[in-house]
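A.B. asks: Each chain, letter by letter, is given below.
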Amino acid sequence: MRQPITLAAVLMLTLTFSTADASFPVVEGIKPLGVVRGEESTVTLTGQRIADASAVLTDQPGIEILEVKPVDGKTVTVRLKADAKLAPGLYPIRLVTKSGIANLRLLGVGAMPIVQEVEPNNDFTAPQTIALNQTIEGVADREDMDHYRVELKAGQRLNVEIEGIRLGYSLNSQNILDPFIAILDEGRFEVATSDDSALLGQDGACSFAATEDGVYTVLVRESSFGGSPANGYRLHVGTFPRPVSTIPAGGVPGSTLNAKLIAIDGTATDASVQLPSEPFEQWGVTIENENGISPSPNWIRVNDLPVAMEVEPNDDIRKAPAVEIPAALCGVIEKEGDFDCFSFQCKQNQKFRVQCYSRDIVRSPLDAVINVFAPDFNTIVSSDDANGKIDPFLEFTAPADGTHTIRVYDHLRGGSPIHQYRIEVTPADPTFDLTLKELRRDEASVIAVPIGGQSAAIVNATRKGYNGEIRMDVDGLPAGVTATAYPVPEGRGEIPVIFTATAEAAHAASLLTILGHGDEKSLGVMGRLRQNHKLILGQNRRGMWDYNTDRAAIAVTDAAPFKIELVQPQTPIVRDGSKSLIVRVTKHEGFDEAIPIRALYNPPGIGINNSQNIEKGKTEIEIGLTANGGAAIGQWPMILVASYPTPQGTAEISTPAIMLDIQNSFFKYEFPRTAAETGSQASIAVAIEILREYPGEAEVELVGLPNGVTSPAATQKISKDTTSVIFPIVVAADAKVGKHNTLVCIARVKVGDETIVQTNGTGELRIDAPLPPKKDAPPPVPKPEVKAPEQPAAPKPLSRLEQLRQMKNE
Amino acid sequence: MSITHRFGLIAVTATLALVTPTGVNRVSAIEPSESASTASARTDLPLVPDLAVYPGEIKLGSSRDFQSFVAVIKRDDGITSDASDRVEWSIADVSKAKLDGFTVFPVADGKTELIGKYAGAEVRIPVDVSGATTRPSISFEKDVMPVLTRSGCNTGSCHGAARGKDGFRVSLFGFDPIGDFHRITREIGVRRINLAVPEESLFLKKAIGSVPHTGGKLFDVSSDYYATVLEWLQDGAKIDPDNAKPPKVASVSIYPAQAVIEGEGKTQRFVAVATYSDGTTRDVTRLAAFTSNNSGTAAIDDVGVVTAGSRGEAFVMARFDTHTVGSQVLALPENLQYTPPKIEGSYIDQMVALKLQQLRIVPSGKCSDEEFIRRATIDIAGKLPTEDEFRQFVGDAAPDKRAELIDRLLERKEFSEIWAMKFAQLLMIKSTNDVSYKSAFLYANWLTDKFARNVPIDEMVRELLTSSGGTFTSPPTNFFEIERDTLKTSENVAQVFMGIRTQCTQCHNHPFDRWTMDDYYGFASFFSQVGRKNAEDYRERIVFNQFGGEVNHLVTKKPVPPKFLGGESPNTSGKDRRAVVADWLASPDNPYFARSIANRVWAHFTGVGVVDPVDDIRVSNPASNPELFDELGKRLVEYKFDFRQLVRDICNSDAYQRSTASTESNAHDHRNYAHAEIRRVPAESLLDCICQVTDSPDKFRGLPLGARAVQIADGTTTNYFLTSFGRSPRATVCECEATTDPSLSQALHLLNGDSVHNKIAQSKIIEKWFADEKLPAEAVIDRIYVRCLSRLPTEQERTDLMASMADDPNKAAALQDVFWAVLNSREFVFNH
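Which chain is which? The protein sequence lines are A and B, in order.
Per my numbering, the first sequence starts with residue 1, numbered consecutively.
Per my numbering, the second sequence starts with residue 1, numbered consecutively.
Read the hints as simulated data drawn from the structure, not as lab findings.
Computed from a predicted model, the values in this text were never measured in an experiment.
A virtual CB, placed ideally from N, CA and C, is assigned to each residue, including glycine.
Any given hint could turn out to be false.
Said to hold, decoys possible - Anything over 10 Å on all C-beta distances counts as not near chain A; from chain B, calculated:
(1) Thr-155
(2) Gly-164
(3) Arg-169
(4) Lys-266
(5) Leu-442
(6) Ala-535
(7) Ala-747
(8) Arg-791
Stated by the list, open to error - Restricting the straight-line Cα-Cα distance to at most 16 Å, the calculated cross-link-like pairs of lysine to aspartate or glutamate (EDC-like) are:
(9) B:Lys-533 x A:Asp-384
(10) A:Lys-389 x B:Glu-344
(11) B:Lys-533 x A:Asp-376
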């Protein structure tokens, strides 16, 4: 069984190499990094392979793209206007070209006027003077210190927030800006500093109320004097409100949320916010008052769970106030050593899912730990960090009817008025999440469908308590594009979706959604597409900043210079079998390049030779498939991908899908251990079991005979009654002595023009040198009679043991 | 004189906590007069000598027991001599005890006295005999194990090696008696012992060399060692039952506590006495292992006889069980002419002077002002004095200008940066795969900030050891990230903050100190509950107290409850164990912390610690001046752990301000501060000095331009100059990591490397003086000398330099050469 493993490993390697071939547009730089809402702005995007830029997709409403104009191969200007009412913050934009879609980038939208940094400002004594309520666009270069001087009146509050890492894009752990900001007084003492913050991650915000009239300096640098010319930042300096906490962090759609806002200086105010009518996993609350508007939102959750606020005293698990679940349990770990408990009724064997939001989305400094207690106050389950995040997540099954209790506290037993949490307790109903598999490492998949061609993506399903078939609907396609979504088979986690653009389709782009639901019996089990866009990766590709969307980008791109077809085979591939698929192209006039072909996706247990080209002058190629002994039986969509050169780099087109029928093996063999002496003849008797009926004619061929060994009848026909096949062998005098674990049987079943091939191994053949004559034995007397070799083979082949017995008897 | 000497003696016994201070019985018939302090000749012997007999009391607990004794006569000038054979000995009641040589044997139960008479002095030592008729059976642990240790069977080079020797392994220095018993009696069936014919036991035959033995013959058939083992075998080779374990050794004493021997070849007998936990004593002079830390001055043989050698000081030690104790031995030449200088000045100077007087050493005089400003500025601020500072100081006529300079230097931030760097080295602050550059940077900044704000060191250590939270938000938590191993963490804490090396005791009891494996695992237990988890930022980690986790003893494989080193086992339930140990560690009552820190400070300024190396404080590495060692620690506690004050004391002392020029009597001495030591300027400060005098700052990764080498946060920052000049690689907590050893690459780098030549060329400082300011060549030379060496050139130097430049048409280039030459001079790279 060594061989199939080696083969699989080789195939995987080639798969990895070939995926790196395709090229695609990349936006590396954005200048300016942000715009002022209500104003028309021109943003310059720089990058690679963007000469044919045609449009910009925006995920959120409110940014109107007025014009997209390629300047040269590496520069595109985008004229756009952010709505005057748009909430300040970061908005995703994706540049679309005629050959693809670039990476998602975040564009800052603010309410304050933008000024540019003017170097030199490295010296505290020679700073750049700015006015209050401005956004400064600057660069934190290596070991750079940027000083900005503002004037404050006594009592006036200065709030500073920086967008540094949040504006960046780096997947190679280079040029990552982790900013440090400080407010310095005239004596150069730091009166407020911020490096990392719970609210903004590596970015920070700080605040200072001037005790007397005077000039103050805002300092920006990379937190450990790193930095690079690529490290742009937006520094918001002003009197704007900067809340750090909205309590409770969420509500029911359509309701008015009466929340307590806690500002960066600790003051609390009441505010009411109209929540949207639709649920949102993450919804931004922006605060505006007479002093300005917060430069980035505070995030809350909007869904149907009723909010249950904590009621102090609730430190004791035996005296926890009662709430109804499902619910969103909200509260604050107000002081050090505080515990918050909630009790609720459960029936035995009811299963619940508990997800705490404290750092994720809510961005509270709380590092929550959750314990769930049974009615007897024994711990059922606890959670601190889960799913690679600081927030706890757990599922529990009620061990008995009665009062259960959830307790939450800070991991370091800390607490403060902003250590808030939202714990969503829901029944652990079956569900699943869908996402598009990253076809290029660390890059969210985009779909580029050539006009008149196809493009495929792979949907990954993460199942939570549901193991059945998942059916999917694709929505939001550009005109002229259709999608074929095969269902994710029961128990499986991935399946391709193929997109087809008609020959008449025009260049266009859109954002699509995929909604999935269970089979007939589980129509209520639903899940939808989410896509994670990695924006900053640190060492070893560990994530530092990312952005989630619920729509994926698709674009209709330039037509390929050929039509491509994958020929549907008429016969199945069997386990331990192999098959060739035929890819056929119709090259357009003037195009005759080699076309590399690779697999987009292998059905489970199928291996594909991934490094083949349709050579120049050829229009067809056979691609070999192998199925291992555990290949998943059933009908599987099969799609290959062809690449071709374009002025913007290598482009790809998928073949239309065929359905590959994977069936169980026909035959099962038992190989004997055969031994033969050099210069003799023997036979190898392979026992064969016919596992099921096969169509047509079948034959078995013995291959892998060692050097010097031949078989006069290596291929033998079999019928459905055959139980063994005997291959005569002739061992030459100079055949290699030793054990040869190389015998393999290839069965071929002919069905029409096609052949179903099944290959099994391995049998052993031992070749011995004849024993030398014994020393004290009488000189060998030539045997009086030598059996004629032409004598018909013995009716029953002898096993090794029987042969030895016979030799002894001789 | 003798009063002060007695003070010295008592202080010695106090430091060596295991020497019983009551073990001295002394008679002094007359109070010596002050005038006797100049006495040096034997003819001045007082009429009634100062006779002392050791041990101070004798207890004999069984018919096996015996006790040897020794008499010492001390002259008024402090010289002692072994008077055992001059004294007339007797037993008051011969029915109770008898004398054989210098040993008392029991006769019958009761009390009597050992009487020693000599030249009018009489000493009576109480002798208490009990159990004179009982003969306890041989105990494996109490009797046999000491024979193994004494004979060297269980040393690391013999069967005590980790894999044993020649197929037989016992625990190193006998840390595991039960295991040893099993290995001797059970491991290879009947091979090692032969209970039928005990004399035929291989165990014995190997030791007496009657069969081939790699270790050779260890003792004779006639020896008491042989008798002990044989009797044990004859009794059936039993182990001490669990319910009748022999008492533990509570303490060991070695007498006399001090010997000042005059004349090469003179001897002094020492007596070692063990006191057991049940109050009984035992003469272990024949069982203890004796060693000397300076056998050239005082060699000690295996029965405790010291022979004086060349002039100097030594420490002779006796090791028995897990205890090591020592006595100071001074060897002086005969008929030494010595007039002690007056003892005056600060506490430091008084204590140093007392010690020098003991050694009959005359200290060097004070250094010049020029030497002083350079020495103090380098030591306190890590820089050279500027030309202005130099001129102002040298021209200042105020009598207390040195003290004022010290005060001024102490206020500079460079002072705190030097100490932040020193501790950054000890705390191994550097970026690694586990500790990001940002973590290391924040940690170093935290440390610098603590020193800059003059946070008392006890408070800083408490904060460090109890820190919890993210390595970014709470930088001291990096202490637990840089070293994640619990055992190593506890070793590091002991070494950095108490100067105690406990590493040995991870696997066996410390052979040269009091620490046992129980101490080791008990102390490690304080750090066993440190939890670590990932934070949101992958570069950050969260360190916390997880209220659970134990350390298992290597031998018993069972958890060891937390126990302070040399202290009690506190109640830690429900507490952060780290907080408990930090409170103990940084407490003013902790005998180790303040002394260790003070000693590090002292060593920085004098080049050699009172205990040296500063992080290897142990019984067998005693302080050269125990009174000073204690007093520095006490002062640091008094100053509320503000060591600026201590630095002030040190730098204002004559001991610090002495000239490096030695005198005839102090040239050989480097431990007693009779003259200042010449020290290579540490790597970081040297680079800073070169940058300073050439006006050409270096650039270090991750720091803004102009940052100095002492400010480097990350120990892995590459810099060829610092590496070749021996900066600390920060791989261990050892003070020895930063070296000032010379090397060829250092010399070549200064001669040919970019540090000196390029900086001189880039700075254009010579051109500025010579071309822009139109200074004459002599004045430029003067400025170069003042800048680099803090002195004006001598007339000879000036003349020679001018003469060498006379033919050079390019005066500026010639002056650059002068600058280069000065920077390459030994005078520049040394602090003198």
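A.B. asks: Each hint needs a verdict: does it hold in this structure or not?
C.D. replies: Structure-based check of each hint:
| no. | hint | in the structure |
| --- | --- | --- |
| 1 | Thr-155 | 48 Å, holds |
| 2 | Gly-164 | 45 Å, holds |
| 3 | Arg-169 | 45 Å, holds |
| 4 | Lys-266 | 65 Å, holds |
| 5 | Leu-442 | 8 Å, violated |
| 6 | Ala-535 | 7 Å, violated |
| 7 | Ala-747 | 32 Å, holds |
| 8 | Arg-791 | 36 Å, holds |
| 9 | B:Lys-533 x A:Asp-384 | 10 Å, holds |
| 10 | A:Lys-389 x B:Glu-344 | 68 Å, violated |
| 11 | B:Lys-533 x A:Asp-376 | 31 Å, violated |
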